[in-house]
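Novice: Residue numbers for the sequence shown follow my numbering, so the first one is 12 and each next one is one higher.
Be aware that a few hints might be false.
In the DSBU-like style, the derived pairs of lysine-lysine whose C-alpha atoms are separated by at most 35 Å in a straight line are [what the hints assert, rightly or not]:
hint, residue 1, residue 2
1, 59, 125
2, 99, 166
3, 166, 16
4, 16, 49
5, 66, 106
6, 49, 59
7, 53, 126
8, 79, 66
9, 16, 66
Just the calculated beta-carbon pair ranges, DEER-fashion [stated by the list, open to error]:
hint, residue 1, residue 2, range
10, 17, 78, 37 to 47 Å
11, 102, 122, 27 to 37 Å
12, 120, 210, 40 to 50 Å
Read the hints as simulated data drawn from the structure, not as lab findings.
A virtual CB, placed ideally from N, CA and C, is assigned to each residue, including glycine.
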Amino acid sequence: MKNKKRQYFIILSVIILILSLVLGIILTNIENLELYEKSYDKYVVYNKFETGFAKMKVKSIFDYFHSKGELDSGFFNESEISHLKDVKILLLKIKFLFLINLIVLIYIIFILLKKKEFKLLFPSIMIISGSFIFLIFVLLILFNSIIGFEFIFDKFHRAFFVDNWLFDVRTSNMINLFPQGYFSDMAFFIIFRIFLISTILIILGLIIGNMKNKKNLF
Numbered sequence: 012m013k014n015k016k017r018q019y020f021i022i023l024s025v026i027i028l029i030l031s032l033v034l035g036i037i038l039t040n041i042e043n044l045e046l047y048e049k050s051y052d053k054y055v056v057y058n059k060f061e062t063g064f065a066k067m068k069v070k071s072i073f074d075y076f077h078s079k080g081e082l083d084s085g086f087f088n089e090s091e092i093s094h095l096k097d098v099k100i101l102l103l104k105i106k107f108l109f110l111i112n113l114i115v116l117i118y119i120i121f122i123l124l125k126k127k128e129f130k131l132l133f134p135s136i137m138i139i140s141g142s143f144i145f146l147i148f149v150l151l152i153l154f155n156s157i158i159g160f161e162f163i164f165d166k167f168h169r170a171f172f173v174d175n176w177l178f179d180v181r182t183s184n185m186i187n188l189f190p191q192g193y194f195s196d197m198a199f200f201i202i203f204r205i206f207l208i209s210t211i212l213i214i215l216g217l218i219i220g221n222m223k224n225k226k227n228l229f
């Protein structure tokens with residue numbers, strides 16, 4: 012019974028840790044102003060909009076996502092505003108899921124620190140979580156290499172949004188403000204962070220596990 016309890020605890024811990032880290036990475040990078048600015052230079056967005064104006068519009072969208080303001084109906088058309096409303100709803104759902112996972116993760120850490128039996132599982136949880144996150148990284152790279160980002164971008168929008176995300180390239184301020192190349196760069200940045208976190212988890216798990224083994228020897 013103890014072994015089963017231990018197995019269930021490890022599985023739950025791994026799932027919660029992976030979800031918390033991946034969702035956290037996604038949320039912190041979606042609103043990364045530094046990444047926007049680099050992309051704007053790369054995709055010559057500043058040739059279409061004045062620098063300060065473009066930054067102001069991006070910030071106004073972030074403020075809207077945090078319910079700190081409304082969208083400019085004089086700048087964005089009806090379809091663009093409708094799409095941004097859907098994006099806000101999706102982000103709220105992701106944030107809610109992240110918060111639930113974070114609460115459960117804190118509870119798990121509390122158990123690990125309180126009970127010696129579970130404390131011994133900590134290195135295993137880190138190594139297994141890191142390995143699974145690394146697997147996610149590999150799958151994302153393979154998926155992107157085989158079918159391409161444009162296909163993924165299209166299917167993602169069809170799965171989570173209605174047809175209000177299809178804009179006219181010639182007239183849409185949304186497309187001019189957020190070129191598809193930006194989303195490709197953001198996806199790469201998120202994937203790289205996932206790889207980095209998985210590597211850190213595996214290394215830390217191995218170090219802590221090795222320290223515990225040495226301590227037991229003496």
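Novice: Each hint should be assessed against the structure and marked as holding or not.
Specialist: So, going through the hints one by one against the coordinates:
1. Between residue 59 and residue 125, the direct Cα distance comes to roughly 58 Å. Violation of the 35 Å bound is thereby established for this hinted pair.
2. Restraint check for residue 99 and residue 166: the C-alpha separation of about 19 Å stays at or below 35 Å, so the hint holds.
3. Pair hint residue 166 plus residue 16 does not hold up; C-alpha atoms about 39 Å apart against a cutoff of 35 Å.
4. Using a Cα cut-off of 35 Å, the hinted pair residue 16 and residue 49 is violated, with the two alpha carbons roughly 48 Å apart.
5. Distance check on the hinted pair: residue 66 and residue 106 sit about 24 Å apart at the alpha-carbon level, within 35 Å; holds.
6. For the proposed pair residue 49 and residue 59, the alpha carbon gap of about 15 Å is at most 35 Å, so the pair holds.
7. For the hint pairing residue 53 with residue 126, the CA-to-CA distance comes to about 52 Å; that exceeds 35 Å, so the pair is violated.
8. In summary, the hint linking residue 79 to residue 66 is supported, as the alpha carbons are separated by about 16 Å, within the 35 Å threshold.
9. Pair hint residue 16 plus residue 66 does not hold up; C-alpha atoms about 52 Å apart against a cutoff of 35 Å.
10. Look at residue 17 against residue 78: about 43 Å separates their beta carbons, and that is inside 37 to 47 Å.
11. For residue 102 and residue 122, the Cβ-Cβ distance of about 30 Å falls inside the hinted range of 27 to 37 Å, so the restraint holds.
12. For residue 120 and residue 210, the hinted distance range of 40 to 50 Å is not satisfied, since their beta carbons lie about 21 Å from each other.
In summary, the numbered hints that this structure violates are 1, 3, 4, 7, 9, 12.
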